[in-house]
Amino acid sequence: MREITYREAVREAMREEMRRDSAVFQLGEDIGVFGGSYKVTLGLVDEFGTERILDTPLAEAGIAGAAVGSALVGMRPVAEIMYIDFSTLASDMIINTAAKMRFMSGGTIKLPIVIRTQEGGGVSAGPQHSQCLEMMFAHVPGLIVVLPATPYDAKGLLKSAIREDNPVIFIEHKGMYASKGPVPEEEYLIPLGKADMKREGKDITVVALSRSVLFAMEAAERLAREGIEIEIIDPMTIKPLDRECIIQSVKKTGRLLIVHEACKMYGFGAEVAALVADEAIDYLDAPIKRIGALDVPIPFGMRLENFVLPNAGDIVEAARQLMA
Amino acid sequence: MEISREILIGMYSKMLLLRRFDEKVVELYRSGMKGLYHLTAGGEAVAVGVCSALSQDDYILSTHRGKGHYLAKGGDLQAILAEFMEKQTGCNRGKGGPMHIIDPSVGMLGANGIVGSSLPIACGAALSAKLRRSGQVAAAFFGDGAANSGVWHECMNLAGIWKLPVIFVCENNFYQESVPVSRHSSIQDLYARAAGYNIPGYGIDGMDVSAVYEAAVEAVQRAKRGDGATMLECKTYRFHGHSEADPTKGLRYRSGEELAAWLEKCPLKQAKARLLERGWIADAELEAIDQRCTQGIEEAVNFAKSSPDVPAEWALKDVFTDDQGEICHEGC
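So the sequences go chain by chain: S and E. Its first residue numbered 1, the first sequence is counted upward by one per residue in the numbering used here. Its first residue numbered 1, the second sequence is counted upward by one per residue in the numbering used here.
Keep in mind the hints are simulated off the structure, nothing from the lab. Careful: at least some of the hints might be erroneous.
[Unchecked claim] Quick list of in silico lysine-lysine cross-link-like pairs, PhoX-like style, CA-CA up to 25 angstroms: (1) E/Lys224 with E/Lys163; (2) S/Lys289 with S/Lys252; (3) S/Lys264 with S/Lys198; (4) S/Lys194 with S/Lys251; (5) S/Lys110 with E/Lys317; (6) S/Lys194 with E/Lys317.
[Claimed, not checked] If you want a taste of the chain S side facing chain E, the calculated C-beta under 8 angstroms gives, among others: (7) Glu51; (8) Ala66; (9) Ser70; (10) Thr108.
Quick reminder that beta carbons are idealized off the backbone N, C-alpha and C, glycines included.
Looking at chain S on its own, in the form it has when it is part of the complex:
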């Protein structure tokens, strides 16, 4: 199978969906000829023109609001928020309106919106361009939250997100845009709300998100040489969450490790830990472990950033402790 980058996979998904459905259009800051800060939309304006690849002012609330308004009356907007850190400026529209409008209307309207953004550290971007804020949105009823970890997942999930009739927060990772993986030429979709088992193993269930999936894959190779087989579950969609997949895996392995780049405290790991404690505690042979960033802003310099963010070595270490 051919291999393409994560960036190309996202772009392909958007190109295919825009060709398929004339109601799909994109708006965001510098997404036109410039191709976006991370060059994800590069070239799309040549095919679709400046109306459907709409450069906006630096006005995140306006962007999110225009997405809501246009989705209410016939369009399927894909709004790019350049950095998830800037989504705080759009969060009123997302949290107070997009997430609630269908509910408040008694089901009479639908909001087919995708908010595309990217998060994460690893590029010395500093505290205001490196955060992982997915839980801010996952905590609000009415939003679907998706974090793809591979080019294959990014393409299939984004195509589904664009066809979805509910607001989707689609969170890419800036550190993965250049990563390559197999993506078939022929069309495929990946359903939202379903987890993917990235690796099968009998000893430890590792639930990993976004770029942490890649770290978990790396750790799995090292651990295998020590005779420890981890099973990697990538939820891909954290809201709604495929709980069954996680529970079934824990029932098999008896050990649970959750890994994400967002701060450990009040993070996704706490939710998964609570879920397993509620529904599968009798199957556990060891305490639940969580790995996440330290509870500090993400520092600028690589030395400090590496100290704060989790990596493959942390997963190897935690796995050894769980097996001890």
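Starting from the known structure of chain S, fit chain E onto it as the hints suggest.
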């Protein structure tokens, strides 16, 4: 522009409906109806003047004070009262309440409880109309307080650069809630801000329904010609407090003399005087209009009261469209 007898009588009738509706809401609220009620009284000419210039398939976006906008746009009396009473027959099926009226069937894309929110959503609806080349217009109602929010400025700029078919209707009633415009805004004529966004802005007597209507017709024409947005600042006044939770009618922060002076400028009084002065209407007809309003409201109250309550389980519906909803409630 010469406003016809038919249009003026139509607008007067609508304004009277809004006034009688407010009176009924006060009565129901005082006898125990739940919810936060921000009433229109005093602002009828803005709601009716603007909506009379719009077509059925044009859009409006509204505020916490949105009941009058909805009714002026052709909203359903029965459905709005049923909504207030948390009934299945409400326009939002009893799930939105008085601050969040949504009824796409008449182009009401939503009253919003977050001040300033009408503008971005209206820009989006107008953008959609522009991309679809549908010829529709979106009007965003907002108060003087909203004009100080960041999103207001973002949207004025968006509408300016994209030439959106949108009308920004500022209902300047001189108080953001209790703080007067003289203390909350850097300028007193808010429409002057429109120039900074290359949008024509007009100061309108918001107590004169004909003036509002004429300005709105021109704004609609501008939008439909493809010449973009207009801002209409309608100077008006609210005869009640910010909401019915303030029984003092706002007299903690404004004077009785000021209120009395504005009551003299009542938009209904003015429209009625004009109709009589021109010999366009007789007392008997005025009486008949009033009776029709009152009777329609009574029927709507009875309809609402006899409608089935919203069952508690409906709290689990409509978070997402059906399929996704099932996944979510099982999964979360």
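Verification of the hints:
1. With a C-alpha separation of about 11 angstroms, the suggested pairing of E/Lys224 with E/Lys163 holds against the 25 angstroms cut-off.
2. Among the hinted pairs, S/Lys289 with S/Lys252 is consistent with the structure: their alpha-carbon atoms are about 17 angstroms apart, no more than 25 angstroms.
3. Restraint check for S/Lys264 and S/Lys198: the C-alpha separation of about 22 angstroms stays at or below 25 angstroms, so the hint holds.
4. Straight-line distance between C-alpha atoms of S/Lys194 and S/Lys251 comes to about 18 angstroms, which keeps the hinted pair within the 25 angstroms bound.
5. Using a Cα cut-off of 25 angstroms, the hinted pair S/Lys110 and E/Lys317 holds, with the two alpha carbons roughly 13 angstroms apart.
6. The suggested pairing of S/Lys194 with E/Lys317 holds, with an alpha-carbon distance near 21 angstroms, which does not exceed 25 angstroms.
7. At a threshold of 8 angstroms, the smallest CB-CB gap from S/Glu51 to chain E is about 6 angstroms, leaving the interface hint in force.
8. The criterion of a C-beta within 8 angstroms of any C-beta in chain E is met by S/Ala66, whose closest approach is roughly 4 angstroms, and the hint holds.
9. Interface restraint check for S/Ser70: the shortest CB-CB distance to chain E comes to about 4 angstroms, inside 8 angstroms, so the restraint holds.
10. Evaluation of the S/Thr108 hint against chain E yields a held restraint, the C-beta minimum of about 7 angstroms falling below 8 angstroms.
Checked against the numbered hints above, the structure breaks none of them.
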